[in-house]
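Chemist: Next come the chains, spelled out residue by residue.
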Amino acid sequence: MSHAASVHSLWTLAADPPREIPAPHIEYAQLAPTLIVLGGAVLGILVEAFLPRRARYHAQLLLSVVGLAAAFAAVVALAAGGHAGEKARIAAMGAVAVDGPALFLQGTILLVSLIAVFTFAERRLDPAAHGNRVDSFAAQGSAVPGGEAEQAAVKAGFTTTEVFPLALFAVGGMLVFPAANDLLTLFVALEVFSLPLYVLCALARRQRLLSQESAVKYFLLGAFSSAFLLFGVALLYGYAGTVTYSGIAEVVSGTTRTVDPALASTMGNDALLLIGGALVLMGLLFKVGAVPFHMWTPDVYQGAPTPVTGFMAAATKIAGFGALLRLLYVVLPGMRWDWRPVMWGVAIVTMLLGAIVAVTQTDVKRLLAYSSIAHAGFILAGVIAASPDGVSSVLFYLAAYSFVTLGAFSVVTLVRDAGGEATHLSKWAGLGRRSPLVAAVFAVFLLAFAGIPLTSGFAGKFAVFKAAAQGGAGTLVIVGVLSSAIAAFFYIRVIVLMFFSEPKADGPTVAVPSALTSTAIAVGVAVTVVLGVAPQYFLDLAGQAGTFVR
Amino acid sequence: MENLIGLLVVAPLLGAALLLCGGRRLDKSGHWIGTLLAAASFVIGVVLFADMLGRDGEQRALHTTVFSWVPVGGFQADVGFQLDQLSMTFVLLITGVGTLIHLYSVGYMEHDEKKRRFFGYLNLFLAAMLLLVVADNYLLLYVGWEGVGLASYLLIGFWQHKPSAATAAKKAFIVNRVGDVGLSIAIMLMFTTFGTFAFGPVLESAGDAGEGKLTAVALLLLLAACGKSAQVPLQSWLGDAMEGPTPVSALIHAATMVTAGVYLITRSGSIFNGAPDAQLAVVTVGAVTLLFGAIVGCAKDDIKKALAGSTMSQIGYMILAAGLGPIGYVFAIMHLVTHGFFKAGLFLGAGSVMHGMNDEVDMRRYGGLRKYMPVTFVTFGLGYLAIIGFPGLSGFFSKDKIIEAAFAKGGTEGWILGGAALLGAAITAYYMTRVMIMTFFGEKRWQPDAEGNAPHPHESPRTMTIPMVVLAFGSVFAGGLFSVNDAFLKWLEPVTGHSHGNSPVSALTVTAATVVVLVVGVALAWFQYGRRPVPATAPRGSLLTRAARRDLLQDDFNHVVLVRGGEHLTRSLVYVDHSLVDGVVNGTAASVGGLSGRIAKLQNGYARSYAVSMFGGAAVLIVATLLMRAV
Amino acid sequence: MNPVNYLYLAALLFTIGAAGVLIRRNAIVVFMCVELMLNACNLAFVTFSRMHGNLDGQIIAFFTMVVAAAEVVVGLAIIMTIFRSRHSASVDDASLLKL
Amino acid sequence: MSFPLLTATAVVPALGAVLTAAVPAARRSAAKWLALVFSLATLALAAVQLVRFDPGAEGPFQLTESHAWIKDFGVRYELGVDGIAVVLIALTALLIPFVILAGWHDADPLGTTSSRWRPTQGFFALILMVEAMVVISFEATDVFLFYIFFEAMLIPMYFLIGGFGDRAGERGEEETAAQRSYAAVKFLLYNLAGGLIMLAAVIGLYVVTADQLGTGTFSLQEIVQARADGQLDIATSTERALFLGFFFAFAVKAPLWPLHTWLPNAMGEATAPVAVLITAVVDKVGTFAMLRFCLQLFPEASKWATPVILVLALVSILYGALLAVGQRDIKRLVAYASISHFGFIILGIFAMTTQGQGGATLYMVNHGISTAALMLVAGFLISRRGSRLIADYGGVQKVAPVLAGTFLVGGLATLSLPGLAPFVSEFLVLTGTFSRYPVIGAIATFGIVLAALYVLVLYQRTMTGPVKESVRGMPDLRVRELVVVAPLIALLIFLGVYPKPVTEIVDPAVEHTMTQVDKVDPKPDVPLTDVEAAK
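Residue numbers (the numbering used here), protein chains in the order written: chain A, 1 to 550; chain B, 1 to 631; chain C, 1 to 99; chain D, 1 to 535.
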């Protein structure tokens, strides 16, 4: 009866006296991390607007570092306050969940971004242009490559310091993405962190054309996929009449109140559910770069400025998988038997294709792109486990993987020749002879990618496969080890190239980085080794963060 | 006393160690050290012998366990020595002849710069050979068995700069290895059958094992014996072994090592007694070989090769005797000892001749040497008379007994074997006479060699002649002494046992027959070589002759079937390994690469095609999900 | 009239948009197709909202419009830059990155 | 808590590796001496282990250490040695100093390279690193711990193979480098593939234990215990699958036909000391693991697979030997000989008799020593002439008699001549096999003929005959080289005459393994007579 009334009230609304709309109740404390970051971003814009050019770089750097650090502190505080465990709540009127996985992922994202910002700010690699130290971003994004405007900008020593606020906005979106507790928030967060990334991709100082092309591709495909995601959201809304995860979950598991016959046509219509779910899944799989939605990855990774690539490769994956986990574990657990087989297929294809295609790559950045695809496959294996173990293993893997990736791309920024970074593999020949240290570090990262014991890569891989096997996905484990074997081949190939082949006369030089990049790389190595040798503490952390709140 | 047995082996071993590791500072004195230690072990042998004579029949055997060698679960191998009459006989022969030949070598190898190493090897051989005969279990015997093999390998290939020598050495070792396979499997079979491989238990409880097992063991032992004693079909290495220095041929390839097979069979008597079929095989091998060797001996112009053939055939006699069982064991050993004397003597003689003739070995380049080297002539002559079994000399007694025993086997076998033995005797007489005439009689046929320096035949130095004289004595009297009221028989019987069998023909008849065939053989040779001059270059000769020169084509068979076949096998396997086994692996890698390239083509850089794949992916995803629900 | 028909319309529009993305070369047009898809979603939202009789769908529609607007800003900016450096807005010309 | 001897034995070389690597480029010889000292220190620790080890003691493992490590994976840091392990550790620790000495000049940088490029330091550091990892994988009684180092050891090995090789010689620099990195990659991928398959099995093992015991565990003792008192009951099919997963990895490492093809490349391209490291030390981990993990974790599956494995081992023996005969390259020849020998070892392990397994263990030790002797001398020879082809030598015996002599002794050991150590083990293996599988044992015995063939052919072609121009004036063994070879030969003779010290230590462990797979030696079919009873 009451529903009939509410339906009726839809168009008799005008007649009634306007009802009082309750003010939304927001738990600012629990949203602190996101708010801090976004606030920092806004401040950054103001800085751009009001500070003189000379001062901006340092101001921005300081601002973003402080902002991210503060946000991270907030996350830690929340976790320490028990929000990861018993005090896990849904905040902001059901829009955002503050629970273990969310906090763990937010913490990781913040750390990764902090490191990434260091690499953004690196100014010692490129030779000084007209006496100005420059970073790897265009002097003036809007200027035509090689045009007078650009030359002028270079002469004037302009640099695109906007990258810092952009990055912060992206981080803000990423923080919300895995915590989003309704599909609308999910969508908005997605756009919030995607749009700045599109822009960042276009801002490379060298090889602008490639950079812009990658931006266009990323943008168009990204928009395309988000459209799909949105349509999926629409269908799910149609199915459940609500977009909150818990609401949908209730309908799925059939624990919802009896349905009005008038709405029976849509309410609980499984076709809507299945199609909608599939489309939303697709949107997320696109972001994590799973086959067959992976094709943007190599091009964008290669074209984008390397620091951005590193940032993207690491942070986007974390956010994407975070959202994916929440969606599958909170919204669709009731239909596990529908999505698991599909995800099986996706995982298998992703692992194999990523590994196989990488074998013939000749460009370091593309190589790492394909390897990231293969790794997405491995992580999916953990996702499919559909058990708390699975969740924590995925969390651990993401943490381990993101630092390795960041470190690897930071090393890529160091190997340069006249044309900027020398990313073609042939140029890496004999690097081990020229500068053993850099080569050794890169080798460590590669071995971690390959999952050699005593590196974080192995611990992560083992955790994920173990969870998968216990979840009854033995086949995935077999395929996993097989594709790891294939993958090992091309990681090894790079090592061979660096150490066992004679350096070329016109080979690239290895730039000596400032403390910034050095820190990034050092942290990468440290995390790789620590997580490889003594992972227990972090496994505990991920383990405690293993349960979602509904 | 027991401890002395160990010393017996250790003395020459010490010598070997000293000489081989001693370095240049021993170059001057090395050969004397070696000789001294050989003599030492001879003295020890004599002491032990005296001690043994001090006790009567049954208590004579000494036994001692030195230490536990390989103890693993039920597998208990000890280093232990057993010295009974049989071993004692060998010990005396080995050390005695060994010492003499050391002495001889002092002269013979005087000008060789690697003298020290030579004597080291000789001592090593003595040690191994002694270990072989005093070991108290088959595994330790196996150590000695391969030890002598090693020594013979080193000594045959002593002049390594000659490819022929190196090849001969390798051949000898490998052919012997084939025999050794037999011995090792035999030991394993003993272990699984009796749970041990010590002489005592195995031989005592041999009866309890089934005949099948015994036959198997016995045949395997026979294989081993064939390898070591150069019996058909594993005889091919002995002829080439003559590449080694002559003293080596005398000691190892005539007097001692090659007779190890006879020792093995005699030692394992109670096994063979339990396996008649195996015994049949043994006598067959013996008979075949004694004819084979004799025939080969007739055709060779190389004096050492001729003697090698004769060795083969003489050992054939021994094997034959040993195969006869209790009837023959004693005589096998007896012939072994006398043969040790005269054959060693003959070889030393040959060596002395070569020494005087710039190492010329072709008898067709000798002739009339009796004037130039009288001592050699006399000693060689006595050895010659002994081997052809001239009445009264050693060979006569021992060989005669074997022929008797062969008949005593009884039945058709008896006749066949006896006949073969007689025939062999005739041929022996023939080819030995041939050697004798071609070397010492007739007119001299030697000419200057390539460098134009003609040989000046001369008698060898004392160090060489003395051993020859001593051995000559042995070859004259040993047989007689042994036969004086069957001394040797009584001496060995406690160990080997003895039975007289039932001979269809009287001993006298046999003796007569032997003398007759002997005369025939000598006469034949005389007519062929004594009456008319010997051509300096070998005539083409009959088909048989040519075949005999080539060891009756047995070597060619080996070459074609085994060597060539083996080469083809290995070559094809190398191919298989590279292209098949490895090919699979590399193929997989390549195919992955190809696949990779093909898939990468999809990444064509067109954003719209990427969008297509996304769209398709979405479609697939939807359909798949729906299907999942449908099914 | 049965609101379900609006859903069909929405689906149709969405498909047209998608097809456009796959077919058209001009970046601007491709981008407009994407916008079309978004608006198809909006239509679906309001329809469902009508059917369910709650306002969520309509609110979401507003959000979508805002997001779309933001997207337009960024998208056009990027397309502009590449147009200026290439003097062509064809998506297919931007295919240096491949394999 | 007592002094962690086992950990120390592994840590010391690791520490040495770090320090050696840290030596500045200029102080090359310092690095060498440092490495040598640390390897000797490790040897001392290994000796202490031998002394502290009590063959008669109760329980499978001694000197055990156990600490929590990765709780979530059910992994503990568990070390312990049985007779087999302690002997193999001793072998490893013994060989490394010789390897280092033999490789003294192998890694001296040729020509001018960047001042930061320090090949020598790297070379010796890597050797020590390998030693550390091998030692710990011998000590690990936790499957996961073992696996980690079993895999990790590939990396330093890989750099040793790919990074250092003989001087180019006739083949050009390019060709040599290409060949070498091919060999290195092949080695790594082959073993990595094996290891990854094993990883799947390891995970499977965890799942099984986790399902049945509540908490997953990798502790060998716990699992064996649980199976003994029936808490853990692995389904037959599962057990077989897991066994195959483990065995595959070990068979690659061992290497067993047909998974052997990486070995000839690796040993051929690597320098002689590294080749020794591969075949004498690293590969032993494979055969060792078969004994410790395959048999003890999956006794039923082991028995199930025995026939096939025995046949494969037999094939390895004959196939390896025949290919060795067919080789034209000294090092490859030795490699194929090793394949044949590993066939013997595996044969002995799966013969499931005391003699077989005891012999196999002894064989691992003896093969290590004999191959080291042969290969190192071969290395000295090659380093003099700069060619690995047999055809390039001839008559060496005349110009360098000592070298030739030692080479011959090494060869004789390889063809397991009685009186030298390998004979004992080979005969034990054959007897052990024969007593259960007469036919296979008998066929395998013919391997000794082939062995004689390839060794003597090699010796004849290189050492005897007229002196070739190419070897004229070749120097004889130097003091350093003699110091390397002499002790090895002495050891070969000693262990050949008196192997009891080793067998005594090994026996109890073998007995234990036999009880694990509950097998008993076949009884002799003639009842013991009083004569034997007396013995």
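The hints are simulated quantities; they were obtained by calculation from the structure and are not laboratory data. Among the hints, a few may not be true.
What the hints assert, rightly or not - Okay, the calculated bits of chain A under chain D, using three or more residues with CB under 8 angstroms as the criterion: (1) 90 to 99; (2) 154 to 165; (3) 209 to 223; (4) 451 to 463.
Stated by the list, open to error - Below, a list of computed lysine to aspartate or glutamate pairs in the EDC-like style, where the Cα atoms sit at most 20 angstroms apart: (5) Lys504/A - Glu511/D; (6) Lys500/D - Glu222/D; (7) Lys114/B - Asp476/D; (8) Lys444/B - Asp555/B; (9) Lys500/D - Asp518/D; (10) Lys601/B - Asp363/A; (11) Lys500/D - Asp476/D; (12) Lys71/D - Asp211/D; (13) Lys87/A - Asp126/A; (14) Lys601/B - Asp93/C; (15) Lys490/B - Asp56/B; (16) Lys523/D - Asp27/B; (17) Lys490/B - Glu2/B; (18) Lys500/D - Asp78/B; (19) Lys162/B - Asp362/B; (20) Lys523/D - Glu113/B; (21) Lys28/B - Asp78/B; (22) Lys468/D - Asp392/D; (23) Lys601/B - Asp92/C; (24) Lys504/A - Glu174/D; (25) Lys398/D - Asp78/B; (26) Lys162/B - Asp56/B; (27) Lys504/A - Asp417/A; (28) Lys71/D - Asp540/A; (29) Lys468/D - Asp329/D; (30) Lys398/D - Glu204/B; (31) Lys28/B - Asp84/B; (32) Lys398/D - Asp27/B; (33) Lys500/D - Glu511/D; (34) Lys398/D - Glu469/D; (35) Lys444/B - Asp301/B; (36) Lys162/B - Glu360/B; (37) Lys98/C - Asp540/A; (38) Lys504/A - Glu173/D; (39) Lys523/D - Glu204/B; (40) Lys444/B - Asp556/B.
Glycine included, each C-beta is placed from N, C-alpha and C at the ideal position.
Chemist: Are the hints correct? Go through all of them and say.
Modeler: Do the hints match the structure? See the list:
Proximity of the region 90 to 99 of chain A to chain D, defined as three or more residues with a beta carbon under 8 angstroms from a beta carbon of that chain, is not established by the 0 residues found. By the rule of at least three residues with a Cβ nearer than 8 angstroms to a Cβ of chain D, the coverage given for the region 154 to 165 of chain A is violated, with 0 such residues. With a cut-off of 8 angstroms between beta carbons, the region 209 to 223 of chain A has 0 residues touching chain D; three or more are needed, and the interface restraint is violated. Only when three residues or more bring their CB closer than 8 angstroms to a CB of chain D does the claim for the region 451 to 463 of chain A stand; here the count is 7, and the claim holds.
For the proposed pair Lys504/A and Glu511/D, the alpha carbon gap of about 59 angstroms is over 20 angstroms, so the pair is violated. Distance hint between Lys500/D and Glu222/D is unfulfilled; the C-alpha atoms sit about 32 angstroms from each other, more than 20 angstroms. Distance check on the hinted pair: Lys114/B and Asp476/D sit about 16 angstroms apart at the alpha-carbon level, within 20 angstroms; holds. With a C-alpha separation of about 33 angstroms, the suggested pair Lys444/B and Asp555/B falls outside the 20 angstroms cut-off, and the hint is violated.
Note on Lys500/D and Asp518/D: the hinted pairing is violated, with a Cα-Cα distance of about 25 angstroms set against a maximum of 20 angstroms. Note on Lys601/B and Asp363/A: the hinted pairing holds, with a Cα-Cα distance of about 15 angstroms set against a maximum of 20 angstroms. At roughly 35 angstroms between alpha-carbon atoms, Lys500/D and Asp476/D are farther apart than 20 angstroms, so this suggested pair is violated. With a CA separation close to 16 angstroms, the supplied pair Lys71/D and Asp211/D stays within the 20 angstroms bound.
Using a Cα cut-off of 20 angstroms, the hinted pair Lys87/A and Asp126/A is violated, with the two alpha carbons roughly 49 angstroms apart. With a C-alpha separation of about 18 angstroms, the suggested pairing of Lys601/B with Asp93/C holds against the 20 angstroms cut-off. The straight-line distance between the Cα atoms of Lys490/B and Asp56/B is roughly 11 angstroms, inside the 20 angstroms bound, and the hint therefore holds. Proximity of Lys523/D to Asp27/B is assessed by CA-CA distance (about 55 angstroms); at most 20 angstroms being required, the pair is judged violated.
Straight-line distance between C-alpha atoms of Lys490/B and Glu2/B comes to about 23 angstroms, which puts the hinted pair past the 20 angstroms bound. This hinted pair checks out: Lys500/D and Asp78/B have alpha carbons roughly 11 angstroms apart, not beyond 20 angstroms. About 18 angstroms separates the Cα atoms of Lys162/B and Asp362/B, which keeps this hinted pair within 20 angstroms; it holds. Between Lys523/D and Glu113/B the alpha-carbon distance is near 56 angstroms, which puts this suggested pair outside the 20 angstroms criterion.
Simply put, Lys28/B and Asp78/B have alpha-carbon atoms about 39 angstroms apart, too far for the 20 angstroms limit, and the pair is violated. Straight-line distance between C-alpha atoms of Lys468/D and Asp392/D comes to about 8 angstroms, which keeps the hinted pair within the 20 angstroms bound. This hinted pair checks out: Lys601/B and Asp92/C have alpha carbons roughly 16 angstroms apart, not beyond 20 angstroms. With a C-alpha separation of about 13 angstroms, the suggested pairing of Lys504/A with Glu174/D holds against the 20 angstroms cut-off.
Of the supplied pair hints, the one linking Lys398/D and Asp78/B is violated, its CA atoms being roughly 39 angstroms apart against a limit of 20 angstroms. Pair hint Lys162/B plus Asp56/B does not hold up; C-alpha atoms about 52 angstroms apart against a cutoff of 20 angstroms. Of the supplied pair hints, the one linking Lys504/A and Asp417/A holds, its CA atoms being roughly 12 angstroms apart against a limit of 20 angstroms. Distance check on the hinted pair: Lys71/D and Asp540/A sit about 9 angstroms apart at the alpha-carbon level, within 20 angstroms; holds.
Only pairs whose Cα atoms come within 20 angstroms are accepted, and Lys468/D paired with Asp329/D is accepted, the gap being roughly 17 angstroms. Between Lys398/D and Glu204/B the CA atoms are separated by roughly 51 angstroms; this puts the pair beyond 20 angstroms, and the hint is violated. With a C-alpha separation of about 39 angstroms, the suggested pairing of Lys28/B with Asp84/B is violated against the 20 angstroms cut-off. Straight-line distance between C-alpha atoms of Lys398/D and Asp27/B comes to about 16 angstroms, which keeps the hinted pair within the 20 angstroms bound.
Our distance criterion of 20 angstroms between C-alpha atoms is met by Lys500/D and Glu511/D, whose separation comes to about 16 angstroms. For the hint pairing Lys398/D with Glu469/D, the CA-to-CA distance comes to about 12 angstroms; that is within 20 angstroms, so the pair holds. Using a Cα cut-off of 20 angstroms, the hinted pair Lys444/B and Asp301/B holds, with the two alpha carbons roughly 15 angstroms apart. The straight-line distance between the Cα atoms of Lys162/B and Glu360/B is roughly 16 angstroms, inside the 20 angstroms bound, and the hint therefore holds.
Annotation: proposed proximity of Lys98/C to Asp540/A is violated, straight-line Cα distance about 42 angstroms (limit 20 angstroms). Restraint check for Lys504/A and Glu173/D: the C-alpha separation of about 14 angstroms stays at or below 20 angstroms, so the hint holds. Proposed proximity of Lys523/D and Glu204/B is supported: the alpha carbons are some 19 angstroms apart, at most 20 angstroms. A C-alpha spacing of about 34 angstroms is found between Lys444/B and Asp556/B, which places the hinted pair above 20 angstroms, so the restraint is violated.
Checked against the numbered hints listed earlier, the structure breaks hints 1, 2, 3, 5, 6, 8, 9, 11, 13, 16, 17, 20, 21, 25, 26, 30, 31, 37, 40; every other hint is satisfied.
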